[in-house]
Amino acid sequence: MTEIAFVLNNKKISVEAEGATRLLDILREDLGLTAVKEGCGEGECGACSVLKDGLLVNSCMVPIGTVAGCSIETLEGLRNSDEGRCIIDAFADSGAVQCGFCTPGMVMASIALLRVNAHPTIDEIKVGLSGNLCRCTGYDMIIKGVQLASERGEGIW
Amino acid sequence: MAEGKTFRNDGYAKVTGRATYADDISFAGTLHMVPVYADYVAAKNVVIDSSKAEALPGCIRVLTAKDVPGITNFGQIEQDYPMLITDTIRSWGDVLALTVAETREIALAAAALVEITADPIKPVLTMEEALSPYARTVPSYGDSNIVVHHKMRHGNPDPLFDECELIIEEDFTTQMIEQGYMEPESAICVPRSDGVIEIYGSMQHPFSTRRFTGALLGEPLSNIEVYTIAVGGGFGGKDDTAAIVCARAALGARILRRPVKMTYTREWSIRESYKRHPYKLHYKVGVTSEGLIKAVKTEMYADSGAYLSVTPWVTWRSTAQCCGPYAVDNVHADVYGVATNNLFTGAMRGFGSPQVNFATEQIIDMIAEKLKMHPLGVRRINMVKQGSTTVTGQVLDDHTVSMEEVMNNTVHEIGYRKKFEKCSLGKSDSDELYGIGLAISYRGASLGAEGMDFCSAIINGQYDGSILVETGIHENGQGSDSVMMMVLAEELGTNLKRIRYKRSSTSNIPDSGSTVATRGTIMGSSSIVLAAKQFKELLSKHLAERLKCTPEEVTFHGDKIWGLTYDQSLTWEEAMKELFLQRVTPYAFGTFQAPDVSWDETNGQGNAYFTYVYSCQAAEVSVNKKTGKIKLLNIVASHDIGKAINKAMLLGQIYGGITQGVGYALMEEVTSEEGRTTSLNFDKYKIPRTTDLPEMTGIVVENYDPHSLTGAKGIGEPALELIAPAIANAVHNATGIRCKSLPLTINPEDLA
Numbered sequence: 001m002t003e004i005a006f007v008l009n010n011k012k013i014s015v016e017a018e019g020a021t022r023l024l025d026i027l028r029e030d031l032g033l034t035a036v037k038e039g040c041g042e043g044e045c046g047a048c049s050v051l052k053d054g055l056l057v058n059s060c061m062v063p064i065g066t067v068a069g070c071s072i073e074t075l076e077g078l079r080n081s082d083e084g085r086c087i088i089d090a091f092a093d094s095g096a097v098q099c100g101f102c103t104p105g106m107v108m109a110s111i112a113l114l115r116v117n118a119h120p121t122i123d124e125i126k127v128g129l130s131g132n133l134c135r136c137t138g139y140d141m142i143i144k145g146v147q148l149a150s151e152r153g154e155g156i157w
Numbered sequence: 001m002a003e004g005k006t007f008r009n010d011g012y013a014k015v016t017g018r019a020t021y022a023d024d025i026s027f028a029g030t031l032h033m034v035p036v037y038a039d040y041v042a043a044k045n046v047v048i049d050s051s052k053a054e055a056l057p058g059c060i061r062v063l064t065a066k067d068v069p070g071i072t073n074f075g076q077i078e079q080d081y082p083m084l085i086t087d088t089i090r091s092w093g094d095v096l097a098l099t100v101a102e103t104r105e106i107a108l109a110a111a112a113l114v115e116i117t118a119d120p121i122k123p124v125l126t127m128e129e130a131l132s133p134y135a136r137t138v139p140s141y142g143d144s145n146i147v148v149h150h151k152m153r154h155g156n157p158d159p160l161f162d163e164c165e166l167i168i169e170e171d172f173t174t175q176m177i178e179q180g181y182m183e184p185e186s187a188i189c190v191p192r193s194d195g196v197i198e199i200y201g202s203m204q205h206p207f208s209t210r211r212f213t214g215a216l217l218g219e220p221l222s223n224i225e226v227y228t229i230a231v232g233g234g235f236g237g238k239d240d241t242a243a244i245v246c247a248r249a250a251l252g253a254r255i256l257r258r259p260v261k262m263t264y265t266r267e268w269s270i271r272e273s274y275k276r277h278p279y280k281l282h283y284k285v286g287v288t289s290e291g292l293i294k295a296v297k298t299e300m301y302a303d304s305g306a307y308l309s310v311t312p313w314v315t316w317r318s319t320a321q322c323c324g325p326y327a328v329d330n331v332h333a334d335v336y337g338v339a340t341n342n343l344f345t346g347a348m349r350g351f352g353s354p355q356v357n358f359a360t361e362q363i364i365d366m367i368a369e370k371l372k373m374h375p376l377g378v379r380r381i382n383m384v385k386q387g388s389t390t391v392t393g394q395v396l397d398d399h400t401v402s403m404e405e406v407m408n409n410t411v412h413e414i415g416y417r418k419k420f421e422k423c424s425l426g427k428s429d430s431d432e433l434y435g436i437g438l439a440i441s442y443r444g445a446s447l448g449a450e451g452m453d454f455c456s457a458i459i460n461g462q463y464d465g466s467i468l469v470e471t472g473i474h475e476n477g478q479g480s481d482s483v484m485m486m487v488l489a490e491e492l493g494t495n496l497k498r499i500r501y502k503r504s505s506t507s508n509i510p511d512s513g514s515t516v517a518t519r520g521t522i523m524g525s526s527s528i529v530l531a532a533k534q535f536k537e538l539l540s541k542h543l544a545e546r547l548k549c550t551p552e553e554v555t556f557h558g559d560k561i562w563g564l565t566y567d568q569s570l571t572w573e574e575a576m577k578e579l580f581l582q583r584v585t586p587y588a589f590g591t592f593q594a595p596d597v598s599w600d601e602t603n604g605q606g607n608a609y610f611t612y613v614y615s616c617q618a619a620e621v622s623v624n625k626k627t628g629k630i631k632l633l634n635i636v637a638s639h640d641i642g643k644a645i646n647k648a649m650l651l652g653q654i655y656g657g658i659t660q661g662v663g664y665a666l667m668e669e670v671t672s673e674e675g676r677t678t679s680l681n682f683d684k685y686k687i688p689r690t691t692d693l694p695e696m697t698g699i700v701v702e703n704y705d706p707h708s709l710t711g712a713k714g715i716g717e718p719a720l721e722l723i724a725p726a727i728a729n730a731v732h733n734a735t736g737i738r739c740k741s742l743p744l745t746i747n748p749e750d751l752a
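Protein chains in written order, with my numbering: chain A, 1 to 157; chain B, 1 to 752.
Bear in mind the hints are in silico, worked out from the structure with no lab data behind them.
Cβ coordinates follow ideal geometry from the N, Cα and C atoms, glycine included.
Honestly, I wouldn't trust all of these hints.
Said to hold, decoys possible - Have a look at the derived ranges for each label pair, beta carbon to beta carbon:
(1) A:M61 with B:A752: 39 to 49 Å
(2) A:H119 with B:E169: 48 to 58 Å
(3) A:S130 with B:T173: 29 to 39 Å
(4) B:D67 with A:V116: 52 to 62 Å
(5) A:M61 with B:D429: 44 to 54 Å
What the hints assert, rightly or not - Partial list, computed: chain A residues near chain B (C-beta under 10 Å):
(6) K37
(7) P104
(8) I142
Unchecked claim - These stretches of chain B come out as covered by chain A in the derived footprint (C-beta under 8 Å, 3 or more residues):
(9) 18-30
(10) 691-698
For reference, chain A alone in the conformation it holds in the complex (with noise of 0.2 Å):
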């Protein structure tokens, strides 16, 4: 076990784990951050997307060991603010949820094509969201989400 200092959410922590120990599960289990979700446990499904320095990440496929130093975000920690308030506003009146499941990896992974992309089209919302599965929507709604989010967020991303 090792100490391992990182900023979670504009926060200093730090946690005691084995330097393999998965980032999910120190998310899940030790700090109860349960927004962050685990659908395959292999990097093929996004529901436990995270922002690592900025980078949209599967925490899954993220040991706690590399997380050293760094900047992680979760949807706990971006939900209040504008640019969360914004992308779940559009993702609620866009009719985007259905199971949920999925929805705060969508959400996650939208955030992180809205920061460096701020008016996508609809090819490149295909693309941003491509690492994140849903069962139910058939995607339709959630990128409706994103292009209402991108049409309302001007001076946020």
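Given chain A, put chain B in place with the hints provided.
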């Protein structure tokens, strides 16, 4: 933006990540349970040695069939599914033991230490093998691998084939697929001090969960309370297996007297949970020179796998709808369920229809091609119309039969006629071949003659004017709670904000059956209408005096309760308070019984369903000549669902259903080697991603259904059941190649 108003009572909870699913819940002192599998596909004389596992520090117990106080084997129809194996292994998904430990890591480590030995048996892995007269009998009950045989005898097709201008005789096969809900099975069970076991589980049928748990524990249903929590999708797949995960965790909680959590990995979920039945279908169809289908003979075989689950019901729907939405006067059908040592198969959205539609909707296009007729013409001549008699002998005269209207909508929206003329049929100057195809279906709504069909609702008015409502319909993610709230708000003329959907518990709302079979909206909302009628009658009776009118004159609208004049009204706050002062409980309980249906199993005739949903979906594709890759360009879907209650969610269901159907058509297949599943996660089991999908357009047709108290039918399954044949027809029209097996693949060599 989707048209219409979006309402989801759980929308914000889910989009902010606050919604709690089973694995998100924890209680102090929770133990963790892990299943133990063996590498056998079929074996007997199982011996389990748990001593090394139990010696592991932190491992509390290894539970096996010997620890079960009730019965180990259970099922929805036949009690044949072993929740824990006693002696005989029939499938690679079978569970032999459960390790329980202080942490999940220790439970996993203990599972690896459980030693299992058995005498292997040669598994029966194909239906052909299973049907051979020398085959070993797989099921624990009965003496045959034919576990069900449904017959339809409607007219007499045999003498008619000779008179037919055209005979089409074809074979089709469909593959095994996985429901692919994003949340794997999970349950947390808590022993309560009053003796009740509480269950919070990722399952779609709380009452089935209670039955499986009661059987395993050997306890009455009243000892088990299953709560509804957020569920990450089901699509038919979270009944038996998901219920059994709950039952196993409950067994641990009962024996060890502590909360027990059991959360599945994706690999365990795909290894153990039931799948969509693979089918082999044979059709012989006799057609006149005018394109009229005179006679059909069909035989279908469905691989039921090692356990029965709901195979008799799935194959029944295939029987009742064996000719698609066509009124054929002479049909003989024989539909068999066949036991093998493969993974067991059961309910999945579509339930015996997608397989049939894949065959029938291609046969229609084949007839058109052979007779040089238009595919729309062949459909129009044969499709069910107002007053038609179906292949089950049911006369469709008591609801609007909108098959043609629905087909016309899709044809018009996508521009089918013009585009059909431009199809490549294997010839193109560029590398891309273009094709358009469509398919139509009708789908019996709700259970039909498959089961007892009724549903209850409770409306519970509160002292302060707020209202609690619940029904026996389960929220799996489809948005049923929101629909129920919207229907109640409409019935009571109230603001939606006044209404809260109560988190249901099996100890409160009566068993209303499973939320399957496209029955949630039709059954649940009708039960709300009945309960609301009683609720309004009660309020009218006790408020009339204050409103200075008779009870019959009281009305409900504008979020108020009214007498005859504008100055006579009560707010809901005032009205509820008035009832309490009169010592009257503002409470109503309503049960909606589905209209009668009938069925004669000897000849497959009867009024199979009380109403039908009519659908037409069309797809445009391009196929690359060099790679054979099929790319979707556009999809249009039209469905007559009676009445749209929550239109944005309805469209979401349509697009989601189409997308699952796209997976069925083009990429999904549960693969195995010698009975061992090899596609255990999404790296090998591919489901559609954003980049696999084209623009989709949904058209909602609303012919009010007189059998539903809201006029609404349903959309869950119709959305999925017909896009695969539409795509297959489009691929044919692009390439000239007819694909008779799923998933569709084009070998580029065949295009040269």
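Q) Looking back at the numbered hints, which does the structure fail to meet, lowest number first? A) No hint contradicted; all consistent.
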